[in-house]
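**Student:** First to last, the protein sequences are chains R, C, L and H.
When we follow this note's numbering, the leftmost residue of the first sequence carries the number 2, and every step to the right adds one.
When we follow this note's numbering, the leftmost residue of the second sequence carries the number 2, and every step to the right adds one.
When we follow this note's numbering, the leftmost residue of the third sequence carries the number 2, and every step to the right adds one.
When we follow this note's numbering, the leftmost residue of the fourth sequence carries the number 2, and every step to the right adds one.
Don't take each hint at face value.
Pairs count within a copy or across copies, as identical chains cannot be separated in the list.
[Unchecked claim] Keeping only pairs whose Cα atoms sit at most 16 angstroms apart, straight-line, the calculated EDC-like set for lysine to aspartate or glutamate is:
no., residue 1, residue 2
1, K128, D197
2, K106, D75
3, K128, D175
4, K327, D47
5, K128, D75
Because the hints were derived from the structure by calculation, they are not lab data.
A quick note: this is a predicted structure, and the numbers were derived from the prediction, not measured.
Number of protein chains: 4
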Amino acid sequence: MSFNTFGQSFRFTTWGESHGPALGVVIDGCPPGIPISAEIIQRDLDRRKPGQSRFTTQRREDDAVKILSGTFEDERDGLLKTTGTPISLMIENTDQRSKDYADIKDKYRPGHADFTYQQKYGIRAYKGSGRASARETAARVAAGAIARLVIPGVTIRGSLVQMGPHKIDYANFDWDQVDQNPFFCADAKAAALWEDYLDGIRKAGSSVGAVIEVVAEGVPPGWGAPIYGKLSADIASGLMSINAVKAVEIGAGFEAASLTGVENADEMRAGNQGPYFTSNHAGGILGGISNGDPVVARFAVKPTSSILTPRQTVTTANENTEVMTKGRHDPCVGIRAVPIGEAMLACVLADHFLRHRGQTGREGGVGY
Amino acid sequence: MSFNTFGQSFRFTTWGESHGPALGVVIDGCPPGIPISAEIIQRDLDRRKPGQSRFTTQRREDDAVKILSGTFEDERDGLLKTTGTPISLMIENTDQRSKDYADIKDKYRPGHADFTYQQKYGIRAYKGSGRASARETAARVAAGAIARLVIPGVTIRGSLVQMGPHKIDYANFDWDQVDQNPFFCADAKAAALWEDYLDGIRKAGSSVGAVIEVVAEGVPPGWGAPIYGKLSADIASGLMSINAVKAVEIGAGFEAASLTGVENADEMRAGNQGPYFTSNHAGGILGGISNGDPVVARFAVKPTSSILTPRQTVTTANENTEVMTKGRHDPCVGIRAVPIGEAMLACVLADHFLRHRGQTGREGGVGY
Amino acid sequence: MSFNTFGQSFRFTTWGESHGPALGVVIDGCPPGIPISAEIIQRDLDRRKPGQSRFTTQRREDDAVKILSGTFEDERDGLLKTTGTPISLMIENTDQRSKDYADIKDKYRPGHADFTYQQKYGIRAYKGSGRASARETAARVAAGAIARLVIPGVTIRGSLVQMGPHKIDYANFDWDQVDQNPFFCADAKAAALWEDYLDGIRKAGSSVGAVIEVVAEGVPPGWGAPIYGKLSADIASGLMSINAVKAVEIGAGFEAASLTGVENADEMRAGNQGPYFTSNHAGGILGGISNGDPVVARFAVKPTSSILTPRQTVTTANENTEVMTKGRHDPCVGIRAVPIGEAMLACVLADHFLRHRGQTGREGGVGY
Amino acid sequence: MSFNTFGQSFRFTTWGESHGPALGVVIDGCPPGIPISAEIIQRDLDRRKPGQSRFTTQRREDDAVKILSGTFEDERDGLLKTTGTPISLMIENTDQRSKDYADIKDKYRPGHADFTYQQKYGIRAYKGSGRASARETAARVAAGAIARLVIPGVTIRGSLVQMGPHKIDYANFDWDQVDQNPFFCADAKAAALWEDYLDGIRKAGSSVGAVIEVVAEGVPPGWGAPIYGKLSADIASGLMSINAVKAVEIGAGFEAASLTGVENADEMRAGNQGPYFTSNHAGGILGGISNGDPVVARFAVKPTSSILTPRQTVTTANENTEVMTKGRHDPCVGIRAVPIGEAMLACVLADHFLRHRGQTGREGGVGY
């Protein structure tokens, strides 16, 4: 993908640094006539917003979104609707502490993009990590909220399925639990155990990684495209582009490597509505194209690099030193990655819906 | 990515079906003046070529590449060189058995793209799976051979690191072993054990998945780009676009989820040549930009769907039936995915090299 | 547009030099299920083919097109149809005279791309002008033939409307005349006069420019897109990308500069089928979007640079000299630009049809 | 080009309607380390700003630009510099009269995009013409101001060269005159005559078209790219994408059609700095690549559609009626198109500079 733009037909471009006046996103290619409101977008943003529990950064940002363009009140029904022109959304940064940045100005934080931005550009907005800050993900979530409106028949949900080494038990999986705990976790029992675990990590001045699963139900067969435009390839690109993500898998994912062809193949049966699959190792995607089953993806988020434990590093003048990141940071950035992952999946699907409709004139498959 | 094209500045477009007259690739944006020959490309193609051991399909294809455009003999030194215009490469299909396709014409093979192509397009080239055939990957390997020439300071190698449930022992890892066994495996001991294992799988009429690791050494700091053009996101897209791939990870990958921030952060030390990292959990990429360490990626290939064991499926008329794929197929398509993965990594890196040079005027980082 | 690729949703990539083994085009994004044949494409190619009258180059090329991929025989009706995957078309070069290229190898021909290719790339395929040869346009015409099939309700035709200083009389305009003279000219009287005129130019060892008008009828309202994806902007880009083209205009074009707002505005009236326009200064495009009227564009082709008259130039070593191009050249390349202009217009329209359908779900306007 | 985004390597996306809260542009791919300030951008914006003479719309907009992202103060020299990340610029709309829009809500203005937006999208932001308003061009001018900084060795200037039927006399051409009259006209005598002429047009409630010439000096040989990425094709696309533009030409343009090959070819001579051309019919571009001569383009702007003279039209319910546009409008929108044309030329050149540097590693040609 090209720099700060994602998508082909439903495409968005994000901008903004952590400590600039604002951040935002411009969404281009959105279909016209879709009822929209700042509230709908805000609802998704609020799920990603920091400071909602003791397990996320205490930075207090309202993350209040403003719609700057691309909508108009339809006089026939009084509803605000998309016009088909670029939708510009802006979120102002309000809680930028005027703190001492001496440390991160002159030292590279291990695991952070400090060193690579400096090497690439020769200059970096070190305050709040600039463009490399997780605040950029608010813009994606806003784009994702609109993407969901483009494909109203598709339900996209996510759950934390692993925190540190602790995995959920899929036997307990219940989507209704996701909003009942501070971890967006569909396994209530796991979530309960994680509270203590994460408190320990936090108090130790450390952090921990996580795995998130995102699922899209209601995707018809036919979305996606060979070969480099595979639905799976675009999902991989979209999820891997999220800060701190180091791995992505579809369906059985890495587990598929351990299976035989006999075990892995999802058998088909004739149903009243056409063929159906008796299992979903494929994660809803065959040959890069959706098969009608739920699209299932998982991604791994590394532990937050900014920790209170001193780590060895070098100065920008290449001298040995130590660094310890004070500031306000998430002990597990994976938690807030749940709505972000949902947003990216929504954007990929909305994009492929429009691409499929463009090429074939259909909204889904040909039917059996 | 857009349909059948991959890359931004170094971009290639592939075409061709398994049972058409030929397949090929057009590479656009290649720098001019690079010495090139069909032999260089052929060397990589021969590594991917089927029929080289009993562990790959017995289809016999020479995979002889023809350069149709984009090169010219430089009269100053008599060398064939790239001209900066599109390089068109073609590989003719020679071994297309005129066999009975009745089965796969009317039945959907579980795990295959038969059903999804039919649903998307309403028509499919069922012979040899058409565009969904792994033969398409020959075109990528050809593109990758040229990509390597664009970044001559970078060494890209791959190894099978897992076959079915059997992982290599990294203590035995030796790149020199890769060409000494039929599995492109850097662990000679593991490779020896896999021979018996895969024979068993093959004789049982089944197949098995695999994990491949690809590594690029010599990548300077600074390649890649925030946010959606992250080096990691493009690698994920490129590897996930390979047939049968279901998972991709960078550096520590999914393992990073289990680590604490203290464990995962790669500490830095001052060296004579500038800062260096004492570990490489990052897989050479921080914030989507290369950090100078080896770029390390792994991807999982699912077991071949085309197996000799009968599986339940439906006909194109939505009637229950069984299908068993005769034909010539790889018991472990992951083996031949090694040179393909290398090729995709080479293409992503060549692309980002050109993009970085375009934006910054430098070939690497600013130096410390 | 990006290097050698044109279009977004209906996109094609061309490759090949004048004196290489072949040239070709890969078309990606074409809708599936469209009946197609080599004959349909050949018909358009034959119109562009050299050597058909004394007014075009005597190079003899069959320009026989081969379909290498992207089609399949639909067993339901026995027709060859597009499959939705890349369509690769190839045309072999057959008449490459093994002539003496010493002159153009060491000298820059005025008005030619020799100098700029050399400056840009440091190497150039000087034989037959390599990639800068008008032979590349055969690939466009092939793509255009397929584009026409994507928008069967649209009729695209072209006419030479000016040769040198001699313009046609629009009072004589009759599309049926276009194929009755060697100039693709809709004004039979003008064409008759041009024969003598062009004979004179040819015998004088010179060449002359031309203006071509291309018209698309049957385009519904709604194709095109603000702001940089304007239908007019893409037509301008497409036509200006043709060899030797130096100017493009839509509707009234440059003449619009001389008009007042009162004169230029196309008034509207209520018709049974909805509003219609009483004039078409707009050339069928308002705000970058088609308005239902015929889309009208004109473009100017400069005189062939390769002429038999000696001109002052320099050697590649920057020494003064003269050059005279022998070889076989068109005295008026504008003639063969007629089918090329039609092809580019067809490609732009097919692209915007798919883009419009993708974004809105409609094939045309909402209706009145 | 894709919807609301222009460019490949230096790319910008604009957003915003005439009567929304603001409009803006996001510039992506800008090189890092370039000193920048709001003042530099404002200087170009002020040239385009309405209300500066009686010949432009009396709408009073400050067009004050805010830099929202992509810059950082370089502590080494205290200068604000680009960081290589997206530069977001915003201009708030301040003078939106709460006037009666009943007329344009229900009637299509001839020559306007009202009808086509309605047909395409089924909804349109009729207030102030929404996205089709010329206010969008402020965003381009802002992007162009930054593009100029990317190619500091290139000087880009423009002049009105024709108003209505009245052309300038090139014998009087003097760039220093451009800022001395309200028409950005390099011919002081013509400008003096135009004052009376345009006053007459304005008082008659009409409007008039214009032709603008834009020239880039200092472009080295080698920028641009075959075939669809021709410098000329991208200039054509960029200029044609400006509101109300109906024609574009390069160098001799349409006049080239009337010339013979002997007349049109720009001969070359050996100079101390390498070859030079004795004329510039090519407008600085050969084969789509810059040749080192000034890049010269002209474009025609149609007369403003919004005029005080009643014109026949239809209602949105397809009933015959008349419309007369009150409001505040430019009698000759071509005037303010001068800085806009310069901006688009600057953006195309900056883009091709980066693309050329990416592919070849050079900033210009190889030298002679």
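**Student:** May I ask which of the numbered hints given earlier this structure violates, with the numbers listed in increasing order?
**Tutor:** As far as the earlier hints go, 1, 3, 4 are violated by this structure, in ascending order.
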